[in-house]
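**Student:** I would like the entire structure built from these sequences, with the hints used as guidance.
Each chain, written out:
Protein chains: 4
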Amino acid sequence: MTGNILGERLTLISFGESHGRCIGMVLDGCPAGLSLSESDLQIELDRRKPGQSIITTQRKEEDKVEILSGIFNGYTTSAPICAIIWNRDSDSKPYEVIKNNPRPGHADYPSFIKNGGFADYRGSGRFSGRLTATMVMGGAIAQKLLKYSLGIETIAYTTQIGQISYNSLSYEEAKLNRYTNDVRCPNPEIAEKMKSIIIDARKSGDSLGGIVECISVGLPVGLGEPIFSSMESDLSKALFSIPSVKAIEFGSGFSGTKLKGSENNDEYTISEDNKIITKTNNSGGILGGLTNGMPLVVRIGFKPASSIAKKQKTVDLVSNSECDIVVPGRHDPCVVPRAIPVVESLVSFILADHAIRWGLIPPVLSDRKK
Amino acid sequence: MTGNILGERLTLISFGESHGRCIGMVLDGCPAGLSLSESDLQIELDRRKPGQSIITTQRKEEDKVEILSGIFNGYTTSAPICAIIWNRDSDSKPYEVIKNNPRPGHADYPSFIKNGGFADYRGSGRFSGRLTATMVMGGAIAQKLLKYSLGIETIAYTTQIGQISYNSLSYEEAKLNRYTNDVRCPNPEIAEKMKSIIIDARKSGDSLGGIVECISVGLPVGLGEPIFSSMESDLSKALFSIPSVKAIEFGSGFSGTKLKGSENNDEYTISEDNKIITKTNNSGGILGGLTNGMPLVVRIGFKPASSIAKKQKTVDLVSNSECDIVVPGRHDPCVVPRAIPVVESLVSFILADHAIRWGLIPPVLSDRKK
Amino acid sequence: MTGNILGERLTLISFGESHGRCIGMVLDGCPAGLSLSESDLQIELDRRKPGQSIITTQRKEEDKVEILSGIFNGYTTSAPICAIIWNRDSDSKPYEVIKNNPRPGHADYPSFIKNGGFADYRGSGRFSGRLTATMVMGGAIAQKLLKYSLGIETIAYTTQIGQISYNSLSYEEAKLNRYTNDVRCPNPEIAEKMKSIIIDARKSGDSLGGIVECISVGLPVGLGEPIFSSMESDLSKALFSIPSVKAIEFGSGFSGTKLKGSENNDEYTISEDNKIITKTNNSGGILGGLTNGMPLVVRIGFKPASSIAKKQKTVDLVSNSECDIVVPGRHDPCVVPRAIPVVESLVSFILADHAIRWGLIPPVLSDRKK
Amino acid sequence: MTGNILGERLTLISFGESHGRCIGMVLDGCPAGLSLSESDLQIELDRRKPGQSIITTQRKEEDKVEILSGIFNGYTTSAPICAIIWNRDSDSKPYEVIKNNPRPGHADYPSFIKNGGFADYRGSGRFSGRLTATMVMGGAIAQKLLKYSLGIETIAYTTQIGQISYNSLSYEEAKLNRYTNDVRCPNPEIAEKMKSIIIDARKSGDSLGGIVECISVGLPVGLGEPIFSSMESDLSKALFSIPSVKAIEFGSGFSGTKLKGSENNDEYTISEDNKIITKTNNSGGILGGLTNGMPLVVRIGFKPASSIAKKQKTVDLVSNSECDIVVPGRHDPCVVPRAIPVVESLVSFILADHAIRWGLIPPVLSDRKK
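Residue numbers (my numbering), protein chains in the order written: chain A, -15 to 354; chain B, -15 to 354; chain C, -15 to 354; chain D, -15 to 354.
Don't take every hint at face value.
Intra- or inter-copy, both count: the list cannot distinguish identical chains.
[Stated by the list, open to error] Capping the alpha-carbon separation at 25 Å, the derived lysine to any residue pairs in SDA-like fashion look like this:
| # | residue 1 | residue 2 |
| --- | --- | --- |
| 1 | LYS48 | LYS128 |
| 2 | LYS187 | ARG31 |
| 3 | LYS297 | ARG186 |
| 4 | LYS263 | ILE97 |
| 5 | LYS128 | ASN304 |
| 6 | LYS295 | TRP70 |
| 7 | LYS44 | CYS6 |
| 8 | LYS128 | ILE27 |
| 9 | LYS83 | ALA293 |
| 10 | LYS263 | ASP308 |
| 11 | LYS297 | GLU251 |
| 12 | LYS48 | HIS3 |
| 13 | LYS295 | TYR155 |
| 14 | LYS297 | SER188 |
| 15 | LYS259 | ASN84 |
| 16 | LYS44 | ARG72 |
| 17 | LYS48 | ARG72 |
If you're looking for bench data, these hints aren't it; they were derived computationally from the structure. Here the structure is a predicted model, which is why all the values come from computation and not from measurement.
**Tutor:** Given below as structure tokens:
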């Protein structure tokens, strides 16, 4: 399959460029009978759109979604769902400079070589963070599908910005608080500090990175496919598609590599409501690539945003000589807060795809009389 | 595609169980005209096989590979290459206990539920680390293919065991030293310490985890496919298929999330031999999912081996009650050293698949007269 | 992969419904550097659009294509190309009757059962012949790609309508004449007779079927992949996606099954320009699933159009009782003439996909300075 | 996916060469809990094996299958099932002549060009009809799976050999009689005539082709996926993988192209047991790419076997000059009778894959206590 397609039985095709006519996606394989309207997608897109707060880019994009196919009388039909957002606030002129002077940290240079100079470089083209909106469109549908059919919920939130981090993992706290502040951190006090250093970074013409944590609950035991479609394999494949993601860990992750087996193994016990659970969750809810019924926990590391106002060294591709560059455009000093719905979307998408593969979600969801 | 198949234009199918008749793989899509014999696979398998040293499992498996198809007159033919290893040293009796008492940290419980009790649980069946030999078979071919056709080389080595780590990244040093000691660490002194704590862990009935670092050099600029088949996406999908892997990072990875953009961005410059390079390599050689010509650097975190001699708490699946378990079988106190060739294999496999997808490797490799 | 996606390295995703907002497609995997504009697609779409002549449906659809992504400065960029046609002349009211009374010969009944009554039935929804326009959009690009990069040309034409057929196969004659008459038959006299019986069928409230023949020339030797992606396998998979297609044969096809091996085998010889050719072409240019350098010949059988004006017997899905139906809407008495560009499109698409898979078409097509 | 893999959620990988060490296959995606042993495969393989009667090749191959993986305690486990047949009766010496002198009708020439002379040409290598045994191995499992889980049965039989044909389609008659004679024709008298002309063809150093008809019963309404994975699309893709197949039609097929819509449409009615059925079955049980509950009928045209004893014209690839060839080896004068189980296998395989995709077959088939 080509690179712009994700999934097996639920498939997502992303298209569009940052400064082209539109960005959009096609979702194929969604079961029939799911109640769905543009507002289901819009609510998630609004959480991702630019210009939301002082710590995001001031570029204004309404990002209003239009569904072009696949819905009839308010329900999915099993036909492919195409949805698009028309691009509005594009100012491409500043990008002429990057045509031959690749920005450090961006895809400019390898894309130029790979595509022989034919790629649309305006606003980073296909490599723009803007394209994550197409992931959110598909993921919003997957999220609704999972909740409606299986009661599965997925939430993500910020646990680190730059050097400031927050570690108390609690699903309920995170669900309640994450959207109450601009950085989407469950703890309001830490959130304030995070916000403050993002503002500082912007002022100094710099940028910050951070970590997003994502938890899924309500999962059945056994979701996933050994060995090459393990839950970790397919989730990481999807999540590494997000620009700026450079690290992913499940459960105790890298810190677990320093523990002993007797410390890291999650012993089994019987819960009060007579279910088999583990006492700890160092596995992040995944054993042998299969969910074990515990919350699925994944942490995603975002590098600091590549677009910074500071002058940097680069090269001129025509003269093959060194030169300076000041990156044009209006940018996020830290992409982490706006990445929250993107992470939720892709995790939901992969879980939904696996649930369909496994036959957990029926091909028709409702017996509504027509 | 089903879960036991990896790749697009170079595909690997893994089959077999730890205590079944054999383990094996089929590699489809290998160009014709590559000189290949069983010894090309055997040399890599020997680096993975059990019983090599005091710090690995004492289970003896010769792991002698047999190629069943796809080679004619010493060359690949473009036909699928099937290779197998007959299982020899299997003692399945001790595994009766795990049928209903799942081992902490293992796939036993979710696999039991997923497969309705039909899965082959002997020696962990399909979930056994033994199956990584099938990855090595395919990867050894990919490695030779990459080196012959494009001059690409990939090496992996141990940088952390438990709490002991080694950070001086040097491709040349690692290439030279990694196989000179039992833990496959480039630094002999650190290696000695690592070995010592592995022996201690075994003595105390416990296990250790660690980190493997992998570097590929000689890569062209532009390898990879945006957006869902980014280089990070496809490498992580493959690497998370290795049992015990719970964390992956590229370049500066998680530590890079704490840097500022001006610190983490890799500025461009012109090398002495007039090539475009970056001054640093925090990107790990990947920008926008595409290789940028710098060394590709990925770090893989392995949890401590799940099989430990210490008594642990588990549950009985029949009576739904808590009980103790002492894990049977002969096991590695730390899987990291034996995972080195597995990591190299999967990274090579993905790079080769992408090189073929991109048209870099011709469908016929040699003009040898026949 | 899900059902609305076709191809491996060149992929086509079709979306939209007959009476929905639009129909469209995404083509992923097209190499960068191909000069492309909407007119390249429009010229082929115009050959397929309704209302062209007295023998097609009188429904008027301008079918004006808009490219939404993937083109920059007049060239392909390697990014996915999305193109759509907004639906205009839809009158859905007459279709209420088919909601519960399935039309004979149409997908109504199985679609109703499969999708639990949620499918968009207006104008046949996803099953409408209208969706073949999405195949033409993608195929038009493939056709241009093949001609530009490899000089491969594909033409289709009508060889049978009802009981009237025309057998003299000549690539040059067909190329010259097929679009000179309404039925797209290379022979003007036969074409006149075919047209006449189509008009008769319409008058009597009935419909006709027929056969389309398709020839590709300029093919290299060896295109195709054994065994499950043989040239016949992949072409037939694509062509059977066209509504009404019920039969496909290559070369001597069914009539060849009555010959002896000594009659049907194509003996080799050396051509005047010193090439290896076959004296006959009963294989239709394909041996062992691979092209052999001779013209590729495939014949596609279309059943008579299912929508007829005559009253027919059907059942009521609500009362589970027999009833009559008079099929609503404005329809083609024979779909064959309008299917010509659809056949050319899908054959071109598969050939282009295989050429890319095989590495015949480079990822960047032009060295135009940018 | 590469060319030697078929299917989406049930996948079949074929490997091996006619005169290599073995031929084999891996079937991935089979649900757990299906009772399965080698005899389930052997019974179908015996129907395909050479040397069965006077009208097949006199080459002797026991074709004894060995299952190498995926079965535990007599049941499938959901793990990939590998099965092989060791090659025994191979005499490769006579094939030296075809290395440079391609046999008319065979893949020799395009394979030589495609693979740069590296392909294993002995006994036709990968292009040998012998490889259809790997299709039968996988198909035998699919057949059992379909019958056990859904009650679906598929039978094929000969309806034409050379110019002699038999048309009375009756599932019951065919099921009863097809294996009572050497040509597998349901009618014993016609079978005798067919046998006689096959013997004549052999005597005259020639070969014959023919037609196989295949019927599946017990199908649910709605199996198949629009539009590119229509039932016709996926069945034809699989069936055209069989060497010698050059034509496929469903239902009334090519003869239906000559009918009027009012004649070819299948009107609906209510059956005596209150089911919705059609009065006729010109659609071959498929509407809009979906099964409609009627018997699925497909006819497959086989060209006369390419290997004939008569001297033929060919070329010498080294000297680029014309020459004669007498095809070496022991061959079937007509492959149709031995193709019957191959057709049944591939049709069953595709139906099973679609049933799994659609969620009709549960991932665990039995609740047998373990």
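**Student:** Compare the structure with each hint and give your call.
**Tutor:** Quick rundown of the hints versus the structure:
Taking the shortest alpha-carbon separations for LYS48 and LYS128, only the intra-copy value of 19 Å comes in at or below 25 Å, while the best inter-copy value is 35 Å. In this assembly of identical chains, the alpha carbons of LYS187 and ARG31 lie at most 25 Å apart only when taken from the same copy (24 Å versus 53 Å across copies). For a Cα distance limit of 25 Å, the shortest separation of LYS297 from ARG186 inside one copy, 20 Å, qualifies, whereas the shortest one across copies, 51 Å, does not. In this assembly of identical chains, the alpha carbons of LYS263 and ILE97 lie at most 25 Å apart only when taken from different copies (19 Å versus 52 Å within one copy).
For a Cα distance limit of 25 Å, the shortest separation of LYS128 from ASN304 qualifies neither inside one copy, at 51 Å, nor across copies, at 34 Å. In this assembly of identical chains, LYS295 and TRP70 lie within 25 Å of each other by CA distance neither inside one copy nor across copies; the values are 32 Å within and 46 Å between. Taking identical chains as interchangeable, the C-alpha atoms of LYS44 and CYS6 lie at most 25 Å apart only when both belong to the same chain, with a minimum of 15 Å there against 28 Å between chains. For the identical chains of this complex, LYS128 and ILE27 are intra-copy neighbours only, at 12 Å inside a copy versus 41 Å across copies, given an alpha-carbon limit of 25 Å.
Within a single copy, LYS83 and ALA293 get their C-alpha atoms as close as 18 Å, which meets the 25 Å cut-off; across copies the closest is 60 Å, which misses it. In the homo-oligomer, the alpha carbons of LYS263 and ASP308 lie at most 25 Å apart only across protomers (14 Å), although the nearest pairing inside one protomer, at 55 Å, exceeds that limit. When the C-alpha separation of LYS297 and GLU251 is checked against a cutoff of 25 Å, the pair qualifies only between copies, where the shortest distance is 5 Å, while the shortest distance within a copy is 53 Å. In the homo-oligomer, the alpha carbons of LYS48 and HIS3 lie at most 25 Å apart both inside one protomer (16 Å) and across protomers (23 Å), since each shortest distance falls under that limit.
When the C-alpha separation of LYS295 and TYR155 is checked against a cutoff of 25 Å, the pair qualifies neither within a copy, at 42 Å, nor between copies, at 31 Å. Taking the closest pair of Cα atoms, LYS297 and SER188 come within 25 Å of each other only inside a single copy of the chain (18 Å); across copies the shortest separation is 54 Å, beyond that limit. Taking the closest pair of Cα atoms, LYS259 and ASN84 come within 25 Å of each other only across two copies (15 Å); inside a single copy the shortest separation is 61 Å, beyond that limit. In this assembly of identical chains, LYS44 and ARG72 lie within 25 Å of each other by CA distance solely inside one copy; the values are 9 Å within and 33 Å between copies.
Both within a single protomer and between protomers do LYS48 and ARG72 lie at most 25 Å apart by alpha-carbon distance, with minima of 10 Å and 23 Å respectively.
Figure legend: structure checked against the earlier numbered hints; hints not met, in rising order: 5, 6 and 13.
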